[in-house]
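**Student:** Please assemble the complex out of the two chains, which come individually in their own frames, going by the hints.
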Amino acid sequence: MRVDDILVEAARPLWRHKLRSLLSVLSIVMGVASVIALMTLMQAASQGVGRRLDALGANLVAVTVNPLAASTGGTPTLTLPQALSLAKIPGVAGVAPAAYAAIPAERAGREAPVTVYATWPTFTRIMGYHVAIGRNLSMRDESASAALVVLGSAAAQALFPHDGHPIGRTVVIGGEPYRVTGVLAPKGSLFGVNEDAVAILPLTTYQRAADNGSVTSVYVQAQNPARIRPLMRELADKLGQWLGPQNQYTVVAQSLVLGVVHRISRLLTDILAGVASISIVVGGLGILNVHLMAVAERIREIGVRKSVGARRCDILVQFLAEAVLIAGIGGVIGTGLGVALSQAIGQRLGLSVVVNLRIVEDALVISLLLGVAVGLYPALRAAALAPVEALTFDR
Amino acid sequence: MVGREDVRGAEVTVQSLSRIYPHPCRTVALQEITLTVRPGEWLAIVGPSGSGKTTLANILGLMDRPSSGRYWLDGRDVTALSDRERALVRNRLLGFVYQSFHLIPTLTARENVELPLVYRGVPRRRRRELAEAWLCRLGLEGRLHHRPFELSGGQQQRVALARALIGSPRLLLADEPTGNLDEENARDMRRLFSELRDQGQTIILITHDWALAQSADRIARLEAGRLVGDMAGRTGYAR
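Residue numbers (this note's numbering), protein chains in the order written: chain A, 1 to 395; chain B, 1001 to 1239.
The shape of chain B in the complex, shown without the other chains (with noise of 0.2 angstroms):
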């Protein structure tokens, strides 16, 4: 379904990454996380809420910054970059879902989808003949001139996904991206996912849907802001 051609997923490494909250009182959400994603290795982060999920998605996706540590994108160091470098990076190497799916309501499936576009300068006409193609190659084809208020979660969902997915990124986050589906929405999720690990997507899901977990290369699991646990999922590998 999610047919593309030479995805070259990102090897991401990250060492000793803490990330505490200095106000209104210090909180430490992040303490010394040290993981390695291979290359086209798909990674479920699981975790009970609270356990510092999301802040290592937004610091993997370069949208926080650790208090500590560092993180390694395809061997370069992008901890300490620039505001200015770290857009570029997520404009080039990264695509993002949330739970939320945080659709902008004013725009229309296909101008939310040619966002990451338009920001790499890409002329008009190559953006929409992109835009569409991802669309319909998740089955949103009659979907392109609606906005998000006019589709279900799941086609919000995979609208998210083709906005993910139109820059090539060499890593896509996950934030719970089932959380607001229902089951048969979820279950097209999962299969999506797993389209994308086959051909060689690097990415990094976070999850409570252990369901998707599973589908997963490896499980890794947070509590209270710590690395408790890596395991294989039920097609991948333990390190």
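Chain A with its partners taken away, still in its complex shape (with noise of 0.2 angstroms):
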């Protein structure tokens, strides 16, 4: 038998039972459409948050006094001195010391709700803050105390929305007026966290306002992200001199964050794909059904086939390729439709969704497989009919 004439004897019934054959390919383009939408938008949240925390810098570590340890177990704070001195421990690249708080900035009856970071000009380098308009600030405006702020995005927009440009002017934060030296790049969400809504001070100005010479966090770029666990340990070891037990600090590294987001994203990724698969294989049940049945009303067809020379073979090739092209049309189509189901929730959930090839591919070859599989059984069955007992089943 010809390899057109496969096709063609294959196509023929599916086109001659169209709604049977419709629902057959329906239920392989759920499975498929649902494996890849799932798997292509779990990827897509993956790396976002990936791409975030590797924005952050594989080599940041946060190191945080508790605040609710500090503020029960007596003062364990940390000085400005302490937190510099952290820069002098090897393989450290550089620190910012910061304060922070959550108080709203206000200008011209506008309120913005900002995370405040007091802080060093180094933080913004070291969060992977990037300033789009006006300058960062600088040594010399931390010596001098000055009254400068940096604004996020969101605050700007929040408290300058048809002004125009911030630069130069005033804001009040905590009942003190700041003037607006720049304004930070978009940078997104984290976590829920949204980046954008940050006002950075320098830290002698915000010490000084609020008369409280303590620093609550201390983030630390390291020369090398492969040597980030020592670091962490001498980090913690100096912590633990200054302050005591370890439950008044914690030192986290972003790699390490990465790393469990990652392994987190994975299983869920697995789950949901273990989950999705259950409807290919559904899917698979119906096309198996539907083809034991074909057998089934086909008896004496494969009788008469029998009678003018069709093998097992060419009756089995014949039966298996109409199993493994349906699950080839619903392959394809359940493919587009994944693809473009993804894009549309990636759009809507503001995930950059990129299809992955290989989840393409190993969707059509899974749904050829599932041809193969669910087509075999019924395909032997009809291979094996005996051509005289076929030639005269009686319905």
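Hints were generated in silico from the structure; no laboratory data involved. Every residue, glycine too, gets a C-beta built ideally from N, C-alpha and C. Some hints here could point you the wrong way.
What the hints assert, rightly or not - What follows is a set of in silico ranges between Cβ atoms, one per label pair, in the way DEER data are often shown:
hint : chain 1 : residue 1 : chain 2 : residue 2 : range
1    : A       : Ala-296   : B       : Gly-1200  : 36 to 44 angstroms
2    : A       : Ala-296   : B       : Tyr-1021  : 20 to 28 angstroms
3    : B       : Ser-1082  : A       : Leu-23    : 37 to 45 angstroms
4    : B       : Ile-1020  : A       : Val-372   : 38 to 46 angstroms
5    : A       : Val-365   : B       : Ser-1082  : 30 to 38 angstroms
6    : A       : Cys-313   : B       : Arg-1070  : 21 to 29 angstroms
7    : A       : Arg-266   : B       : Phe-1149  : 55 to 63 angstroms
8    : B       : Trp-1072  : A       : Arg-16    : 35 to 43 angstroms
9    : A       : Ala-296   : B       : Asp-1182  : 32 to 40 angstroms
10   : B       : Arg-1070  : A       : Leu-285   : 43 to 51 angstroms
11   : B       : Arg-1008  : A       : Val-372   : 42 to 50 angstroms
12   : B       : Val-1028  : A       : Val-372   : 42 to 50 angstroms
Said to hold, decoys possible - Negatives, chain A to chain B, calculated, CB over 12 angstroms:
hint : residue
13   : Arg-51
14   : Thr-170
15   : Gly-175
16   : Gln-207
17   : Gly-213
18   : Leu-258
19   : Thr-269
20   : Leu-337
21   : Ile-345
22   : Ile-366
**Tutor:** Here it is, written out as structure tokens:
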């Protein structure tokens, strides 16, 4: 039997039983589309988080004094000289001591909820911020305790919605006026926190205004991301000497957070892929059912074909090709639908969706293999029919 | 009407052929059948219902296997061929016509006729030409694209005959070919068989139709699975 004849013979019953074929194809389409959409979206979400954490820097270590422990267990606070001395630990490329607070920023009757970072000029570089308009804070501003502020893009937009250029304008934070010296480029959200709703002040200016010389966090940049763990141990040792027991502070590396996020997202992707795969298997069972019915309905036809010279393998291939064709059509349409769905949902969720060709290939191969798997049994049954019994079969 | 060239009928020889069905209860359908059909001869097998005519046709058509005995087709022992070889012989050497036509309902008349050539690997265009030529020879030029349910019984039987003949078989087996036809169509079918015999086609015909049987060269009579008579037809000879 020629290949073109196999295809024609396989396509003919599908065309003949359009509704039945359509339902079989649909069951595969749904399965494949859901697998592709879920996998692509999960991958996009995971990559989005990864990119954000990467932008923060795989070599970033955040040291934070536990505010609860500080408030309940006496006064184990970190001083600015202590924070700056962390820069002398071997392997540290730079530090940004900081105190932060959630205080609204105000201007001309407008109020914007912002996280205020009182910190050194190194903060923006270490945290992966870029100044879009104006300039960053300088060490001169720090030394002079200048009343200056660099606003995040969301904060600037909220406070200066129609006023154009905010540079040189004044905003009020914690009752104190600050002149805007720069606006940061948008960065987006991370774990639901809007990183553009920030206001960055000189640390000394904030400490003077708040009458508090303590530092709540230190952002430490490691020279070598591969040496993060030993550096974390050394930082912990230092903090232990100054602050006491471990529950008084935390030392967290972004790269480790990144690893955990990747592991969680991979686990979630696997679970979702498993759940979605069930729908493909259900689709396959639908094809199996339809094909068993088709063999039962076409026993006489099989007998006629055998009487004119069809061999077992001809019948086997014909019925198998029908199942593979259904699964293949379902796979192709499902892939297209899955890609379209993931793009549409990704756009709605603000995810940057890039279709992974590997997922598409896998989905197509799996759908074809499914066609073979579920088509084989009915095809073998059809092929094994004795010619005379098939020909004289009475329904 | 059925113009063909170079028809060379097969010689059919069976010796001590028996067919026993063990289930559900042991039934002897054929018993020690010994028979020879010469190349180009038309043999009619007659007998009452249940006498084993169709069983014999199925074995001669390699659709079933005998329980014992031997079967030679053109001098080649085909009794113990594998399923694959039997399919090849059915495709290359045999043609079948059945009482109930056995056309595939989803195929057109032309596609039904093409079917043996599909399994022979003949290219589509060549198959179409041959199928159309056969259907035209049998007076069905206006019915090429009709499906079986759109054809009368006589037309369906002519489609089935075209399908049987398109592969230039050496042996044509017909099981009650006029059983579902009216008198006029049955007469046409008799005429077609006569023409085929005249062209040298070996024909084995199972029939209740005495008029059709009498057109054959020989008439063999089966009763209770045994061959009880072998006589000349109207135009033939007895052995």
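**Student:** If any of the earlier hints don't hold here, list their numbers in rising order.
**Tutor:** none
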